[in-house]
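**Student:** Going line by line, the protein sequences match chains A and B. The first sequence: position 143 = 143 (the numbering used here), numbered continuously. The second sequence: position 158 = 158 (the numbering used here), numbered continuously.
None of these hints come from the bench; they were simulated from the model. This one's a predicted model, so the numbers in the text were calculated from it and none came from an experiment. Note that beta-carbon positions come from the ideal geometry of N, C-alpha and C, so glycine has one too. A hint or two may mislead.
Under the rule of at most 30 angstroms between Cα atoms (straight-line distance), these lysine-lysine pairs were calculated in the DSSO-like manner [what the hints assert, rightly or not]: (1) B:K14 x A:K69; (2) A:K69 x B:K124; (3) A:K66 x B:K295; (4) B:K295 x A:K170; (5) A:K73 x B:K15; (6) A:K25 x A:K73; (7) A:K73 x B:K295; (8) B:K15 x A:K69.
For each label pair, taking beta carbons as the anchor points, the in silico distance ranges come out as [said to hold, decoys possible]: (9) A:L67 x B:L259: 52 to 62 angstroms; (10) A:R164 x B:L291: 32 to 42 angstroms; (11) B:T288 x A:H10: 17 to 27 angstroms; (12) B:L259 x A:H10: 50 to 60 angstroms.
Residues from chain A shown here face chain B by an in silico Cβ test under 7 angstroms; the list is partial [claimed, not checked]: (13) R29; (14) P30; (15) A32; (16) R35; (17) L41; (18) Q44; (19) V51; (20) L63; (21) L64.
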Amino acid sequence: MLNLIGGLDHPSQGTVEVAGHSIGKLFGRPLAAWRARHIGLVFQFYNLMPVLTAQKNVELPLLLTKLSKSQRKAHAATALEIVGLSHRTRHYPRQLSGGEQQRVGIARAIVTDPTLLLCDEPTGDLDKKAGDEVLDLLQALNTEQGKTIIMVTHDSHAAERASRILYLNKGQLTTEAPE
Amino acid sequence: MKYLYLVWSNLMRKKMRTILTILSITVAFLLFGYLSAITTGMSLGVQLAGMDRLSVRHKVSMLQLLPQSYQARIERIPGVDAVAHGSWFGGVYQKPSNFFASMAVVPNDFLDIYPEYLLDEEEKQAWLDTRNGAIVGSKLAARFDWEVGDRIPLNVTIWPRKDGAETWKFDIVGTYDGAEKNTDTGQFFLRYDFFDESRAEEVSGLVSWYNVRVEDPDLSTQVAAAIDAEFANSPAETKAEPEGAMVQGFANQVGNIGLIMTSIISAVFFTILLVAGNTMAYTVRERTSELAVLKAIGFTDRGVLGLVLGE
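Sequences are here, hints too, so could you generate the full structure?
**Tutor:** Below is the structure:
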């Protein structure tokens, strides 16, 4: 479902409309541009570039914009500050804990100020403490920054933080919890 | 340019692999350069040889000399247009490593038969007026920083002067250029009359070879045969063959050598192509998820391909 919303997959039938855009009709470069502008992705296993520092990882999506080098740097610094990692900008992923890596992943997702944040089990690979920190951060982004976040999770504890919960049960999206 | 650090960071991921790949490609290009130079160098002589000129030398070897009187007899042979003779001088300048081709010639005959050596009229006249005058190629003049008017001493061991001295002094009266890009401008030409009068008497009146221009290049084989027939059974029999026949003899081999070189170069490049291609494929395979992430955050297919090719 996240792949469909994020424009990574095309529906075999039906349409996908995200924030007023019918993305099922977009392909190639226009779709990539739409994704770069509107979607921020947070992955379960962080998926950071191991050869880049936290700062450079966060700057990655900005390479697709027309921002100058100094502007990219400033935006990335702000995003890292929001996730509380200003002191870890020059660290490589291998030098960061799991929770920190996920926060870098979130900074990378929000640095372009996308319309929608798609989080694929963001706490799935973290212990409870680090997971709670990440959930606190996502909640703050929602309440304080007004970010719309769609989070997929198996963790009912994480789901409790959501303002709206939908269940995907055997291919059907419902508002009622399965028995 | 903004993607450069991304490409660079990926290259530095496995430094040893990057270094070895660069080295292998560098070696391939070095080999290509060297082998191409050899191929070009070996075919140069063939390109320079005049199609309408024959070389006539002693049948036994180039070291055996021919009488100067042969010139008039060769000129009388039907099909012969012009004749010039040359004699190997073999001078060295200051030290043996400063070696270059130096030959004694008759200026008018020589310049007539070799129009590719370009000499000013003024300098040609100066050469005709100066017995110990010499002309040098522009490349040779540049090599030793020689100028017209310089007096150049050359040491020669094979041609002692009548007084026993081994040093010959020449006045440079002109520098010649080449009419074509490949014309050899690294030679030194002195006057035969001065050379012949100054050297020891026992070899006087002898020359190293004749250069013959034929009227019709298509008949050069017949003319060559006629020249050899003219001097058959004489004390100094000749061997006439198309100019650069030695190189011509090479020619067949040059073809083979060229083929061998090309084969080696092709094999090297093909191997390097496989090595580089394999390395590329390997780096992509081990980073599939990273490339997928790039696409997920908005990179286009072409953008990702560009990064990989950039590496």
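**Student:** Look at each hint and say if it fits the structure.
**Tutor:** These are the hints, each one checked on the structure:
This hinted pair checks out: K14 (chain B) and K69 (chain A) have alpha carbons roughly 27 angstroms apart, not beyond 30 angstroms. Pair hint K69 (chain A) plus K124 (chain B) does not hold up; C-alpha atoms about 68 angstroms apart against a cutoff of 30 angstroms. For the hint pairing K66 (chain A) with K295 (chain B), the CA-to-CA distance comes to about 18 angstroms; that is within 30 angstroms, so the pair holds. With a C-alpha separation of about 29 angstroms, the suggested pairing of K295 (chain B) with K170 (chain A) holds against the 30 angstroms cut-off.
The straight-line distance between the Cα atoms of K73 (chain A) and K15 (chain B) is roughly 27 angstroms, inside the 30 angstroms bound, and the hint therefore holds. Restraint check: the Cα-Cα separation between K25 (chain A) and K73 (chain A) comes to about 34 angstroms, which exceeds 30 angstroms; the hinted pair is violated. At most 30 angstroms may separate the alpha-carbon atoms for a hinted pair to count; K73 (chain A) and K295 (chain B) meet this at roughly 21 angstroms. Restraint check for K15 (chain B) and K69 (chain A): the C-alpha separation of about 26 angstroms stays at or below 30 angstroms, so the hint holds.
Distance hint for L67 (chain A) and L259 (chain B): a CB-CB separation of about 56 angstroms, consistent with the stated range 52 to 62 angstroms. A C-beta distance of roughly 34 angstroms is found between R164 (chain A) and L291 (chain B), which places it inside the suggested range of 32 to 42 angstroms. In this structure the hint that T288 (chain B) and H10 (chain A) lie 17 to 27 angstroms apart at CB holds, the actual value being about 20 angstroms. Distance hint check for L259 (chain B) and H10 (chain A): the Cβ-Cβ separation is about 54 angstroms, which falls inside the suggested range of 50 to 60 angstroms.
Satisfaction of the interface hint for R29 (chain A) is found here, the shortest Cβ-Cβ separation to chain B being roughly 5 angstroms, below the 7 angstroms cut-off. For P30 (chain A), the interface hint is violated, since its Cβ never comes within 7 angstroms of a Cβ in chain B; the closest pair sits about 10 angstroms apart. Using the Cβ-Cβ criterion of 7 angstroms, the hint placing A32 (chain A) at the interface with chain B is satisfied: the shortest such distance is roughly 4 angstroms. Annotation: interface hint on R35 (chain A) holds; nearest CB of chain B at approximately 5 angstroms, less than 7 angstroms.
Because the smallest distance between the Cβ of L41 (chain A) and any Cβ of chain B comes to about 5 angstroms, under 7 angstroms, the interface hint for this residue holds. Interface hint at Q44 (chain A): violated, since its Cβ lies 12 angstroms from the closest Cβ of chain B, which is beyond the 7 angstroms cut-off. The beta carbon of V51 (chain A) is positioned within 7 angstroms of a beta carbon in chain B (closest approach about 4 angstroms), and the interface hint is therefore held. At a threshold of 7 angstroms, the smallest CB-CB gap from L63 (chain A) to chain B is about 6 angstroms, leaving the interface hint in force.
The restraint placing L64 (chain A) at the interface with chain B holds, with a minimum CB-CB distance near 5 angstroms, inside the 7 angstroms limit.
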